[in-house]
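Keeping the supplied structure of chain U fixed, place chain R upon it in accordance with the hints.
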Amino acid sequence: MTVMDGLVGDFKRKNHNYTGDCVVGTESLVGFTYYEDFARIAEKADYVEAVTPVIKSYVLVGAESSSRNIGAELTGVDAAGFSRVTGFGRTLHYHKNDPSKAFNIKGDANLPGFVIGVDMWSARNEKGGYYYDPNPAATALSVTCFPLTAKGALAKAGTDMANTKTFYFSDCSQSGLARVDGAIIYLPFDEAQVLCGMNEPAKRASWIHIKFKQGTNIEEGCQKIREMWAKFCDEYKGKDNADLLSQVSVQSWKEHRRESIAGMEKEQAMLMMMFGLVGLTTVFIVYVVFYMIISHKTKDIGILKSIGASCGDVIVLFLGFAAGLGVIGSAVGVAGGMLFLRNINRIEGWLFERFGFQLWDRTIYAIGEIPHRLDLTMLVVVTGCAILACLAGAVLPSVGAARARPADVLQVSQL
Amino acid sequence: MSKGEFIIEAQGVYKSYRMGAAQVQVLKGADIAVKKGEFVAIVGASGSGKSTLLHILGALDRPDKGVVRFEGRDLNGMGGGELNEYRNKMIGFVFQFYHLLDELNVLENVILPAMVPAGIIGWMSKRAGVKKRGLELLKAVGLEERATHKPYQLSGGERQRAAIGRALINEPRLLLADEPTGNLDSATGNGILELLERLNRAGQTIVMVTHDERVAKRAGRIITLADGKIK
Numbered sequence: 001m002t003v004m005d006g007l008v009g010d011f012k013r014k015n016h017n018y019t020g021d022c023v024v025g026t027e028s029l030v031g032f033t034y035y036e037d038f039a040r041i042a043e044k045a046d047y048v049e050a051v052t053p054v055i056k057s058y059v060l061v062g063a064e065s066s067s068r069n070i071g072a073e074l075t076g077v078d079a080a081g082f083s084r085v086t087g088f089g090r091t092l093h094y095h096k097n098d099p100s101k102a103f104n105i106k107g108d109a110n111l112p113g114f115v116i117g118v119d120m121w122s123a124r125n126e127k128g129g130y131y132y133d134p135n136p137a138a139t140a141l142s143v144t145c146f147p148l149t150a151k152g153a154l155a156k157a158g159t160d161m162a163n164t165k166t167f168y169f170s171d172c173s174q175s176g177l178a179r180v181d182g183a184i185i186y187l188p189f190d191e192a193q194v195l196c197g198m199n200e201p202a203k204r205a206s207w208i209h210i211k212f213k214q215g216t217n218i219e220e221g222c223q224k225i226r227e228m229w230a231k232f233c234d235e236y237k238g239k240d241n242a243d244l245l246s247q248v249s250v251q252s253w254k255e256h257r258r259e260s261i262a263g264m265e266k267e268q269a270m271l272m273m274m275f276g277l278v279g280l281t282t283v284f285i286v287y288v289v290f291y292m293i294i295s296h297k298t299k300d301i302g303i304l305k306s307i308g309a310s311c312g313d314v315i316v317l318f319l320g321f322a323a324g325l326g327v328i329g330s331a332v333g334v335a336g337g338m339l340f341l342r343n344i345n346r347i348e349g350w351l352f353e354r355f356g357f358q359l360w361d362r363t364i365y366a367i368g369e370i371p372h373r374l375d376l377t378m379l380v381v382v383t384g385c386a387i388l389a390c391l392a393g394a395v396l397p398s399v400g401a402a403r404a405r406p407a408d409v410l411q412v413s414q415l
Numbered sequence: 001m002s003k004g005e006f007i008i009e010a011q012g013v014y015k016s017y018r019m020g021a022a023q024v025q026v027l028k029g030a031d032i033a034v035k036k037g038e039f040v041a042i043v044g045a046s047g048s049g050k051s052t053l054l055h056i057l058g059a060l061d062r063p064d065k066g067v068v069r070f071e072g073r074d075l076n077g078m079g080g081g082e083l084n085e086y087r088n089k090m091i092g093f094v095f096q097f098y099h100l101l102d103e104l105n106v107l108e109n110v111i112l113p114a115m116v117p118a119g120i121i122g123w124m125s126k127r128a129g130v131k132k133r134g135l136e137l138l139k140a141v142g143l144e145e146r147a148t149h150k151p152y153q154l155s156g157g158e159r160q161r162a163a164i165g166r167a168l169i170n171e172p173r174l175l176l177a178d179e180p181t182g183n184l185d186s187a188t189g190n191g192i193l194e195l196l197e198r199l200n201r202a203g204q205t206i207v208m209v210t211h212d213e214r215v216a217k218r219a220g221r222i223i224t225l226a227d228g229k230i231k
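From first to last, the protein sequence lines are chains U and R.
Those letters in the first sequence? Residues 1 to 415, per the numbering used here, in order.
Those letters in the second sequence? Residues 1 to 231, per the numbering used here, in order.
Some hints here could point you the wrong way.
To be verified - Restraint-style ranges between C-beta atoms, simulated for each label pair: (1) R:Glu144 x U:Arg405: 34 to 40 Å; (2) U:Ala331 x R:Glu82: 37 to 43 Å; (3) R:Ile222 x U:Arg405: 50 to 56 Å; (4) U:Leu396 x R:Glu144: 51 to 57 Å; (5) U:Leu396 x R:Gly12: 34 to 40 Å; (6) R:Ala202 x U:Gly312: 55 to 61 Å; (7) R:Gly119 x U:Arg405: 22 to 28 Å; (8) R:Gly12 x U:Gly312: 29 to 35 Å; (9) U:Ala331 x R:Gly119: 23 to 29 Å.
Everything labelled a hint here was simulated from the structure, so no lab data went into it.
C-beta atoms are modelled at their ideal positions from N, C-alpha and C, and glycine is treated no differently.
Extracted from the complex, chain U is given alone in its bound form (with noise of 0.2 Å):
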């Protein structure tokens, strides 16, 4: 459970990290219009830490040296301004330093550079680490794209209808979610913006990424955002393209990522239900086995209801055993779980340097290490919820118990 919770939590952060706070936009790929007015807007408010654009489409992607493309994800983005507002900076490996110069060439500062999603540029080890070069060479990719109207049609008539420029590599960004990371190119967000055709004759992006300050609620940063959008839509109805406005949502970074995260959480709660489950079975065992206990112990139950035991006594009694067998028993199976969950990686490491078994296979799954954190909540309540399951087992046998007539049991029908 620890183990799952901590994979959800740090799945749900590392959406976090990607998104920022809050995001006001479109899937459309046309984008809207009037961001940087809103933008700006937006900065001024005294919840708000920091607000960037970001161009969103797809491309296909080929080196320079080949005629094969691959499709991938666009982002353009202003790096320094987008490193503020979600956790940009920090995926980087070679500008983890200074984010704001991620597409920066070294050695020629004019070429135009890109960052890409790490998967994409090299593979994944068994260890889930990748390979980086200390001095990685510019290498050169195609980046094409077919640029789209305020009206969604085609930009471009006739045999050129796309727009294709060269960027060269600058850094690789490791966000840690699979599909992030093997499907996105990062460009800077003009460049973007030209090759989308975002660039005129209004200028358009497809989202707004948005950081509140420290302590503000998310969800009420949200709705005030999505005030600001409303009033923000009243004042812009009637302008050029104003009509793009319409299709924008405001969601915080939860609703965002939900198709993302809903399946964690499913698997999440399917979790807990087989651990519900596996508690109710629990409760049956304890059951069964207290049942079994008490029918040995028939002939004691009636000598101490015989020298004036109550019911409650009786009931007490065994409830009291129950208690203690749950309180030992949670007690060992928390020292236990401790133990597994501070090694587990020290174990699954072992098991694969000798077994070749790893709990989710690195080269596959976007995971470094499994989550070790102890969740204090979960402990006390798996805990209490164990201690009582020994009580819920153990209540049925010891009212049976106390019910028991002293003359039946210590067999007074022995005429």
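Below, chain R without anything else, positioned relative to chain U:
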């Protein structure tokens, strides 16, 4: 004899049991009255209802009909808590098969009735005194060397002595003994009877059930139960 002289009396006690499809009438209006300080033996053939009557007197069972009074109080009118207190404080029960708890040692078995009504804190406060009394009782029944032994380490006679010690720990006003020598050889049984006689001489009221006339003769008064009634 006035009513107030009886420590326990039963009037018109009826009791039946279901055995398979048949309803067996065991007691058919049994009457008994025991004075304080008496040593009474109830005798009768096997199946005559002696043990049933004794268990009804000890509130281990309830009669279908009839009245049982302890020091003038009707047991039928007592609630669950009062009956528990009655079994704990007023009555000491000695069973034919001893019925000691195997997990506890002899001293723990003896002091068990004193533990039952005490809460954890109450028990902590009176534990030392109870233990002292338990050891005194063990000495009185000749088991002072066996205090830490488990019941399975004792002979039959020793177990019955331990059971008598347990029955006496709360200084009950009435000792009920159900065939206390029934599971013992003659010599050992004789020792138990001597112990009961000694207790009776010290003022302990005893009602003993036995099918053995020779054992019954050791009591001060013999009551015969036949066909569910006192003859």
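Right, here's what the structure says about each hint:
no. : hint                            : verdict
1   : R:Glu144 x U:Arg405: 34 to 40 Å : holds (35 Å)
2   : U:Ala331 x R:Glu82: 37 to 43 Å  : holds (41 Å)
3   : R:Ile222 x U:Arg405: 50 to 56 Å : violated (30 Å)
4   : U:Leu396 x R:Glu144: 51 to 57 Å : violated (43 Å)
5   : U:Leu396 x R:Gly12: 34 to 40 Å  : holds (39 Å)
6   : R:Ala202 x U:Gly312: 55 to 61 Å : violated (35 Å)
7   : R:Gly119 x U:Arg405: 22 to 28 Å : holds (25 Å)
8   : R:Gly12 x U:Gly312: 29 to 35 Å  : holds (33 Å)
9   : U:Ala331 x R:Gly119: 23 to 29 Å : holds (26 Å)
The structure fails to meet hints 3, 4, 6 from the earlier list, while all remaining hints are met.
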